[in-house]
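Colleague: Protein sequences, first through last, are from chains A and B.
Position 76 of the first sequence, counted from 1, bears residue number 76 in our numbering, the numbering being contiguous throughout.
Position 229 of the second sequence, counted from 1, bears residue number 411 in our numbering, the numbering being contiguous throughout.
Treat each hint with caution, since some may be false.
[Unchecked claim] What follows is a list of derived Cβ distance ranges for each label pair:
id, chain 1, residue 1, chain 2, residue 2, range
1, B, Leu193, A, Arg133, 20 to 30 Å
2, B, Phe360, A, Glu11, 53 to 63 Å
3, A, Trp49, B, Ile258, 49 to 59 Å
Honestly, the hints are just simulated from the structure, not real lab data.
Every residue gets a Cβ at the ideal spot worked out from N, C-alpha and C, and that includes glycine.
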Amino acid sequence: MNGGIVDPMDEMQVHGALMVGFAQACVNLNIVAGQDATRFIGGLQINDWYPLSQWEKLQELVIRSYGNVDPIMVKVGIAMMHGWYHFGPGKSVVKKGISFLHYQTGSGGFASVVRGPESVVGSFELEQFDKTRGIAVVHSTTPFNRKMECGVIVGGMTAPGDIDFVDVSNEADPDRLVVEFH
Amino acid sequence: MEAPITLEDVLAENDTKLLSRLSEKELLRLYWKFRGLAKTLERDTAFWGSTNENLKVAYDTLDEKERELASAYNIIREDLEVAASVQTALLPRMFATMASELELSVYHKQLSEVGGDYFDYFRTATDRYAIGVFDISGHGVSSALVMAYLKAQFMTIMERLEDPAEIVEWVNKASFDFLREVRKYATVNFTTFAEDRLTYVCGGGYGLVLAKSGEEYVFEKKNHFLGLRQKPYVEKELPFVVGDLLVLYTDGMVEAQNAEGSDYSVARLNGLVRKNRELATDDIVRICVEDYRSFRVQDSDDITLIVMRKTS
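Required output: the full structure, derived from the provided sequences and hints.
Modeller: This is the structure we're talking about:
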């Protein structure tokens, strides 16, 4: 027994593909931390799993570089999902923009890139869906940045190119991401 | 009535008149496409606004750092100017006995504000005199501080010892630990003058005696640098009478290179002195320096050249 204490947050693991996707999005957007992120991502393997703390370090590189980081995180989320769709496995998983929302049912999408105890991992779940009105709500209790998650939904839904309008806001309740789509 | 067409048809025809034929459903699509583009524009504007704000902060920080750097540079500059003045003030002046027996000229140039070449005149315990030429490793303030330290050591011992090998050995012993600690060493070319001869201790640097009789003597480098080893120094004696010429110098001139990468060389400098040996020492130094300047691409080290003639 080594007597080491494991940080509960490190019981959660993040898939290498998500980390590489995040860093690649930062590089593509010429975000200040982009070069740092490239260095950081250098030793990561796309198929391995990493402790959440490593993800947080990566995310912190961006957050500490900006006074107003919200628009940046939204854009990073969008770029991540466009990369996932156009250069990753996205096309085989999501055929239409709306499919991306359904993919989140029961935290399906989220579960493919994180693993660990539910109390730590949280959920990213489609809570409401009204195709006629073009309204959906995703409830998030993940440890990830909410604005990035807003961007993830926008990016995931617009990547297939069949939806004309997507807006995601969480002003009323930070954990409830209200999606308007048409 | 004409058949309804799609947005894609309008775009394919590139004809805005066709817009009137869009169905209600297609018009709605157009509306949401416009809203979608406006939303994308809004997100992009917010992104660039945040990036721009970040750039402004970065520029402000850069400006502040630049001001700090300029301020620090000015402080260093002022310190260096003071150090240069101090080093100049430490350079020796001939005292009476020397001035009455020697015609002496010096060219001394440090590579930067302060340097590592050091020469000095000393009065011996028997009211004779000595000349020391040293080249301290490196350049700049650290070498200049070592110079001041060595000067103090020589000043301390010159009143008590007469023999040059003993003097240099004492200074080496006294300075050894200090020089090792600061990772410095120094060449030593130390010469004492009696009525009709000179005695030197040479550990680095160069010395050439051109006797009026035609004899020539090159200083033998039989010794180690100050601060490198702790073992006795060996001294050598040479005749030095009225009319004889002595040249002492460090490696700064002779190791400087021309555009082709050739050294100025000991042979060239000694040859020039030999050729002009009958001239006043001021003229010999001037000719040597002019020749050196026409040869070298740039100075690469501190330079000390001392030419003296025994006059009485």
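Colleague: Each of the hints needs a verdict: does it hold here or not?
Modeller: Here is how each hint holds up against the structure:
{"no.": "1", "hint": "B:Leu193 / A:Arg133: 20 to 30 Å", "verdict": "holds, 28 Å"}
{"no.": "2", "hint": "B:Phe360 / A:Glu11: 53 to 63 Å", "verdict": "holds, 59 Å"}
{"no.": "3", "hint": "A:Trp49 / B:Ile258: 49 to 59 Å", "verdict": "holds, 52 Å"}
Hint check: no violations occur; every hint is consistent with the structure.
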